[in-house]
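Colleague: From first to last, the protein sequence lines stand for chains A and B.
If you count by my numbering, then the first sequence holds residues 1 to 724, one letter each, in order.
If you count by my numbering, then the second sequence holds residues 1 to 151, one letter each, in order.
Hints should not be assumed to be uniformly reliable.
Derived BS3-like pairs (lysine-lysine); straight-line CA-CA distance at most 30 Å [as the list claims (entries may be wrong)]: (1) A:Lys262 / A:Lys247; (2) A:Lys247 / A:Lys281; (3) A:Lys426 / A:Lys387; (4) A:Lys655 / A:Lys668; (5) A:Lys668 / B:Lys3; (6) A:Lys262 / A:Lys281; (7) A:Lys334 / A:Lys247; (8) B:Lys3 / A:Lys574; (9) A:Lys281 / B:Lys3.
Just so you know, these hints were derived from the structure itself, not from any lab.
Keep in mind it's a predicted model, so treat the numbers as computed, not measured.
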Amino acid sequence: MRNRIENLSRRRFLQQGLAAGAGLTLGVQLSGVSRRLDAAPSKPDAAAPLEPNAFVRIGTDDSVTVIVKHLEMGQGTYTGLPTLVAEELDARWDQVRVEGAPADAARYNNLFWGPTQGTGGSTSIANSWEQMRKAGATARQMLVEAAAKRWQVDAGEIQVRDGQLSHAKGQRASFGELAEAAAGLVVPEDVFLKDPAEFRLIGNARLRRKDAAEKIDGSARYTQDVSLPGLLTAVVAHPPRFGARLKSLDPEPAVAIRGVEKILRIPTGVAVLAADFWTAKRGRDRLSIEWDESDAFTLGSEEILQQYRELAATPGAVATARGDAEAALASADKVIESEFALPFLAHASMEPLNCVILPEGDGVRVINGEQSQTRTQAGVASVLGLKPEQVRIDMLYAGSSFGRRGNPQADFTSEAAEIFKAAGRKTPIKLQWTREDDTRAGWYRPLFLHRVRAGLDAAGKPVAWHQRIVGQSIAAAAGMTSRLVVDGVDRLSVEGASDLAYGIPNLYVDLHSPTLPVPIQWWRSVGHTHTAFAVESVIDELATAAGRDPVDFRMALLEGHPRHQGVLKLAAEKAGWGGALPEGRGRGVAVHESFNSYVAQVAEVTVRGRSFSVDRVVIAVDCGMAINPDVVKAQMEGGMGYGLAAALVSRLTLKEGRVEQSNFHDYKVLRMDQMPRVEVYILPSAEAPTGVGEPATPVIAPAVANALAAATGQRLRRLPLRLA
Amino acid sequence: MVKITVNGREHQLDLDPDTPLLWVIREHVGLTGTKYGCGISECGVCTLFLNGAPVRSCSTPLSAAANGTVLTIEGLDTPEGRAIQAAWADLDVVQCGFCQSGQIMSATALLTQNPSPTDAEIDAAMSGNICRCATYARIRSAIKQAAAALA
Ligand code: FES
Ligand code: FES
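Make the full structure from the sequences, and use the hints.
Modeller: What follows is the structure, given as structure tokens:
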């Protein structure tokens, strides 16, 4: 059975004329660095080569090229999105190639974000789920019609399988053989999508990643790897404190270095340019700079925390109020009060930030692992006095990002544009930050403080919950208050707390959003990074106080939330929850929903004196239909590992306004010997797919903290976790 | 002039002998599979073989490689290296991929020295290689799979 789905009229797939050698192309022809397509939609004219919604191209060489609108930063978009196209097209996986889309929000916008092109919020699969399948189904229908015409048979009698069309009378043809004929047909407006029972590629765990081969042999290209004739690499001296400015510069010691080509003042500091990185860096390191720090930020993390504590003693903006939490706390049998503190965190992406920009035609071309095309176009255009569409972007792989490359103010891509401008707009520039620059330049996960008071009645039932949250507003920093701040509450600060799933009758969550000049932004799983830690720790403590098993206690409170219950039950079962553990070991659980996906984790720890290790983590996930179950597993493993770094070792601290850490020797991250054994179980589901890039990240810190509490009796409420 | 042989090809380089081998390979020899991640021997993404032994090329001056032989990910063709790459492909170890050249070089070095490492030996040998995508569990499995394939 096939489901009839109508194509959205604005997203019609339109036919285009053929470039030499190409076959059926839905939408546009894209190839090479130097070609730019006019973004303006044109009339549905068969001869017009430029049309919106170009996601699939079938060549006479039998190749199926899928144009992916989302950045591949490790999360698997270059595998997942092509799977959706190939499924409906009935293509062979090995004939599918992947191409990154150019910057053009008219065609490649994130459907969840309106007219904005970008990747984030674990939306890539979820927003593309129907769009990509329609792209594939449309191409399939045209191939079928072409075959029906050629063979003089009814289209309904034609089979398509593994890149081949066939008819019972014996005719066969490949996609490539039919591509040109199909390209001459009218593009159908309505297409049929498969019934999930017919899926052969979706849900197939043995489909290998499309980006694996080139990442294994070293040929994958990242921004760091770009080289161009005449390219100069720029290394920048940034101020030592947020808000400091350049006072005086003596370039002489840098000029003296052979190969240093230019020394440029830019709004964010001083850039040193050379034909190669090492020369530019040596030049940067030799600059003699005096900074004006009179307006600079000079607080330390501990002082910020102290101010937050004082704020937490006063009422904040109300995020949720149901029942009467104050009265219920006053009459509760037992009240548990706790304070949670979480530090600033750097994203510490594996590839230090960088961006290439070069002149082209009436504008520029940016070459980048680009997470936020629309913001980069706006940022670069405003620096250079261009229109956003004069900023073309070539998409490369990103050496991870965790949100950082999607900076709300396009900070580093704008910095590249400033250097390009100061250098005279003719020279291709590669901005390359060192690891130290990357660690110290800001745009962190904000420091957060939570105060929670929770009450149990005499029967051990939770009756009241008051959670007060203090931390900088990411929405405000991103200029997104109109969308994300309601009645003074930044949704990104309270997500995961204000929508508490546990059935507690009296709930009150309020928020303070102090402003600080420390630049902040989204960090893998955003608000959930801190809310899940506080919520899942307190729930666990309540279970202990009530003398109840932590899993049973949660299950009872999650009545009416079957998907939470489903993953919790599955993780507990697979982990052998309740089974005996030797002395010194402990087991802890946490369950949390984020980005419409549900994740439960059971962590096992071994405690030795004041140190401990995390030995095993069992993860259960409900993300709707798993498009590629192995990629889902990889995201669960890796997302958990990313959160585990923050639980165990990562913290970025300020002292007198200076960032104390600079590189991996003091900004610690997870290493191999800290990685537990991981098992991932995916709950079977027929629901539409939801995100997997982020939801595993926030769950591990509370799971480990709860395991430590079980093993030692100590409740740890600061990250990273340290036993007393 | 400093002479080095990279993946079997000889290069004469007129560079400051203090230049880290990493940048020589990436920007002057033109092989970009070896990455820059920290510059201070903390992350391992710059790992390559110098005269048969794995080194952090970000902290190895060109002078230390004079008249030496360099093997990078692009030239990796030892039986251990091929087995590692095959296991990496079979288990889809990579995510963003940025650390993976270094991981593969370190894993190859490990198997070359120790054909059947235990979990603890794998952890010890690989803990100098950071993966921010935390592909560690798969790296561990892939090293074991490669070891089994070579046995
Ligand atoms: S770049 Fe050499 S160890 Fe990090
Ligand atoms: S695969 Fe991304 S850092 Fe290792």
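Colleague: Against each hint, give a clear statement of whether it holds in the structure.
Modeller: Right, here's what the structure says about each hint:
1. A:Lys262 / A:Lys247: holds (19 Å)
2. A:Lys247 / A:Lys281: holds (21 Å)
3. A:Lys426 / A:Lys387: With a Cα-Cα distance of about 18 Å, the restraint between Lys426 of chain A and Lys387 of chain A holds, given a limit of 30 Å.
4. A:Lys655 / A:Lys668: Roughly 18 Å separates the two Cα atoms, so the pair holds.
5. A:Lys668 / B:Lys3: Cα-Cα ~37 Å, so violated.
6. A:Lys262 / A:Lys281: holds (12 Å)
7. A:Lys334 / A:Lys247: Measuring from Cα to Cα gives roughly 58 Å; hence the hint is violated.
8. B:Lys3 / A:Lys574: With a Cα-Cα distance of about 58 Å, the restraint between Lys3 of chain B and Lys574 of chain A is violated, given a limit of 30 Å.
9. A:Lys281 / B:Lys3: Holds, at roughly 24 Å.
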